[in-house]
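Trainee: For this one, chain Y is given, so just place chain Z on it according to the hints.
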Amino acid sequence: MTYTIDAEIRYTQDMDESQIVGFREIEHTADWELEVWAPTLPALLEQAARGMYALAGIELNETTREMRKIELHFVDVESLLVSFLSKLLYFGETQEIGFDSFLLVMKDDKLKAVLYGASIAKQTKEIKAVTYHNLKVVQTTDGFRTRIVFDV
Amino acid sequence: MVSLQDLTRISDYEWEIPRSFRQDMQVPVRIFATKRLLEKVMDDKSLEQAVNSATLPGLVGHVLVMPDMHQGYGFPIGGVAATRYPDGVISPGGIGYDINCGVRLLSSQISCDQAKPYLNDLASALNQFCPSGVGTKGSLRMNEKTLDQVCREGSRWALKEGYASEMDVRRTEESGCLDGADPTKVSAHAKERGRPQMGTLGAGNHFIEVDVVDQIFEAQAAQIMGLEEGNLVVQIHCGSRGFGHQICTDYVEEFQKAVRRYNIQLPDRELVCAPLSSPEGQSYLGAMRSAANYAFANRQVLAHNARLAFEQVFAGKVKNWHLSQVYDIAHNMGKIETHNIEGKPMKVCVHRKGATRAFGPGAPGLPPEYQVIGQPVLVPGSMGTASWVLVGTETSMQRSFGSTCHGAGRVMSRHKAKASVRGDKLRQDLEADGIHVRAGSNAGLAEEAPQAYKDVDAVVETVVGAQIARKVVRLRPVAVIKG
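Protein sequences, first through last, are from chains Y and Z. All letters in the first sequence, in the order written, are residues 10 to 161 by the numbering used here. All letters in the second sequence, in the order written, are residues 619 to 1101 by the numbering used here.
I should point out that these hints are in silico values taken from the structure, not numbers from a laboratory. We treat Cβ as the ideally placed atom computed from N, Cα and C, and that holds for glycine. Incorrect hints may have been included.
Stated by the list, open to error - Some chain Y residues flagged as far from chain Z (calculated, every beta-carbon gap over 10 Å):
hint, residue
1, 29
2, 39
3, 114
4, 150
As the list claims (entries may be wrong) - Under the rule of at most 27 Å between Cα atoms (straight-line distance), these lysine-lysine pairs were calculated in the DSS-like manner:
hint, chain 1, residue 1, chain 2, residue 2
5, Z, 809, Y, 78
6, Z, 763, Y, 119
7, Z, 1036, Y, 131
8, Y, 145, Z, 1034
9, Y, 134, Y, 96
10, Z, 763, Z, 778
11, Y, 78, Y, 96
12, Z, 803, Y, 78
13, Z, 875, Y, 116
14, Z, 778, Z, 755
15, Z, 875, Z, 803
16, Y, 96, Z, 875
17, Z, 809, Y, 96
18, Z, 658, Z, 1089
19, Z, 809, Y, 119
20, Y, 134, Z, 809
Only chain Z is shown next, with the shape it has when bound in the complex:
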């Protein structure tokens, strides 16, 4: 167990578990949190899991933990770990089962006042056009050849098929396509699961949310992103569906043998890994990138369908009902990036599990319009509470491998949330607050109650205090669609 006494305070927003804490640690753990947020996670296993993650071979710098951290499996949620490329390792559990789970933000020119009479219809239309819920299949039927194209091309496949614009693709992390995807490294089971699910939201904490730009903190950045106070925006939160879940399952299984082959000792079998340069590591990279590209395409098809819903509801009623992409980011991903380690550029594999890439101004790969302000970072709050648009900073490049938080972070188990919150009452309360809700079940709604999460504002204040992100706008929800 890690206790508060084991931590060294670096600043009001930064703490460290030194390498001396446990003999098998390869690097220290650095935690971005206020004392108050830290106290909230001392009862769960987040920090113990961070220490376990710090035992992976080939780590550099620190294992980092973001303020929205919570207990996961293997890695903590909110964890970032970088390993040397190519002689370090890659760990599928350090990326997660929902490979490239992420968030997309679309802006509009529709004011909330104009939209108010139609918000209920909009919630219904989004629910109709964007299939959600357990086991839902999409309207697209892909054969294996098409699925392989999706794996290789990601958002570019969506562009060719008419589901995306050039601007959508440009304003997506990695332009919506990771190079090096290899669908031949994906199992038949994964392909069978992935084929019918393109364009579906799924269940759990995935959602589509209509928000209003409530408050602007950086006018220039907001303007460049097309975000105007009082206007509607849309957030889409989902990932690679059963396709990614099966790929991670397959490789966690496969790597159980790899760790024996490469004589890697680990404190938890969920942390299994293989050298990046090994055949196993290369196969996983090819499969994981396929799932990442599937997820980019999935959110793109959902964005297309959200546009159809907006057209159905607003065409002829408002002058401009179009939705423009602000950005699309991943928060469960493994990427080969170059970072400054001890003053020298080094190629590393950055594992982000429940953490968002947050590249600062001038970073390579950002669209030209975002070069000045830095990469947009999308931080959804819990249901019914605020969400945030931030940007990455120079400091995030220096201190956190260009990473920051990804959400509010759970503090209450789903079981406890269901026991303490009535789904039907929560639905009534949200509706009374002017938030239109479409949800698969009241039980599912109760599990995602705001009480089950940390205060997203406190999380954002922490990353801003630590200077690993800057505030741009705060969003307020008006409609939520959940699986």
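In isolation and in its complexed conformation, chain Y is listed as follows:
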């Protein structure tokens, strides 16, 4: 499957924001599964990050702001999604920071990201890893949609 980066967003008048962009938890016997949808691939990455933070119960301090720049090479969108979220888990565990604002630019096989956030004030759940289990980013009429399983 080929993906159109920054695909055109088709809005209809009766759409509310949650139809265009969002995430929700899906039942999974042992681990956590998240469904994510967004009009563009960068927006999908951002929603996946927000969804992952919500599952982990992460709250950020409102003190000093932090910024990190990352660059990721990818072979396909699914591997980018896993690498991006895994990088956020790494920042969370080693530097105890999370992000709430994302500047993401995808070009060819590269993602350049500037992440803005703060130190983690509270985290209720530990996410061990982001898995590839049945991972597929599908292009829909409204943008992109995927389901991600986390090992917890």
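Mentor: Chain Z in isolation, oriented as in the chain Y frame:
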């Protein structure tokens, strides 16, 4: 989807999904379960995942599924798969992110009656000495050189540093150290995550539990293990923490390219693998063994700290407060072992994901005192319910690559458990049953509620019925410390 009609009944405790079920299966799937336990998992994807696992190149015998199975990612939890060495493959997802997650059991000479007035203090002391919870760091600060030593030496590093006794090391699977660990194959990210976490329990379903030996089924085996009815024991359940999680993450990513290079077709990308003999396979083996040794050392440091907690609470109050190691076993691991395949010894890589090694009497590598009875198998139940000590059998060597179950196995999602169980009420109920609880959060407690798991007794009856383990003792919890 796999349905009950697709299964062939072998016995009351054994079922098979034949190779003809799906064209890409390399071997059949063999399931150890009663019909009742099977019916419980038909709604999740355990069996579909087992069928997917049966497509790996170089598999031998059967892919096996234990009665505590539940849906995982890639492999089912409770899965065992053996591939030919060295021309078969190794799959990081078939071992799991928490490499060498496992259980340690320590015995004591303290009777529950003697301990009763101090159990609340004991729960607090264990909670204080054994750091747990999300993102917790330990009191040990390791530099990279020390971490590399831990990777190469596992429990032997702990012995040198004064955290272990010779008996602890001897009574640990593989004597607490897998040969062939190569820390140069571990990423800087993994080392950064691993350095501050030595001696920590983590969160989720990891725990320290104080139990009482409630019932003895095999007196001789119990005696050899030092387990006496009415006495306290301690279980420690945890693994390789962020170190192992990052190593598995790194290699699942790396192997996405390897499967293309080696032209391996798989039904799920989480099953990615590489030939054991390939540079990628060898690198993963070196890194995975490093994480396995880290986990052995981690449980050893936690055991040392549990001993300090026992000393603080019981010294001067009981005659002997010391904790002796019964055994330490892994239930997420990949090991090169020799098994009889179609009557001939063959070297294979056994992937156990949520399954315990259960070597029978006389198996190589067991400590001399366990040669007669077989390897101790530690099966923790859900919070507030019984746990079991079993031993491996001759049959487990013949039928399950020397493997058996690892726990109760989830039946309810964490989301549903939280919605149907109130953490504060559960805490009250456990305390009312005489179980002292220390937990990071009520929500976390609710996720691990007993209702979310299968009946561990039914799981144990199944492996005993299938003769892939024998019962030795049943344990009853009196204190639980959760992250």
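Trainee: Evaluate each hint against the coordinates.
Mentor: Hint check:
1. 29: Given a closest Cβ separation of 25 Å, the condition holds.
2. 39: Non-interface label on residue 39 (chain Y) violated, nearest chain Z Cβ at 5 Å vs cutoff 10 Å.
3. 114: 22 Å, holds
4. 150: 26 Å, holds
5. Z:809 with Y:78: 21 Å, holds
6. Z:763 with Y:119: Outside the cut-off at roughly 34 Å; violated.
7. Z:1036 with Y:131: Holds. Residue 1036 (chain Z) to residue 131 (chain Y) sits at ~19 Å (cutoff 27 Å).
8. Y:145 with Z:1034: Given that 27 Å is the threshold and the Cα spacing comes to 25 Å, the pair holds.
9. Y:134 with Y:96: 17 Å, holds
10. Z:763 with Z:778: Holds. Residue 763 (chain Z) to residue 778 (chain Z) sits at ~15 Å (cutoff 27 Å).
11. Y:78 with Y:96: 11 Å, holds
12. Z:803 with Y:78: Holds, at about 26 Å.
13. Z:875 with Y:116: 21 Å, holds
14. Z:778 with Z:755: 22 Å, holds
15. Z:875 with Z:803: 17 Å, holds
16. Y:96 with Z:875: 19 Å, holds
17. Z:809 with Y:96: This hinted pair holds, its Cα atoms lying about 14 Å apart.
18. Z:658 with Z:1089: Holds - the C-alpha atoms of residue 1089 (chain Z) and residue 658 (chain Z) are around 24 Å apart, at most 27 Å.
19. Z:809 with Y:119: Given pair residue 809 (chain Z), residue 119 (chain Y) holds - Cα atoms ~26 Å apart, limit 27 Å.
20. Y:134 with Z:809: Measuring from Cα to Cα gives roughly 22 Å; hence the hint holds.
Of the hints listed earlier, those the structure fails to meet are numbers 2 and 6, in rising order.
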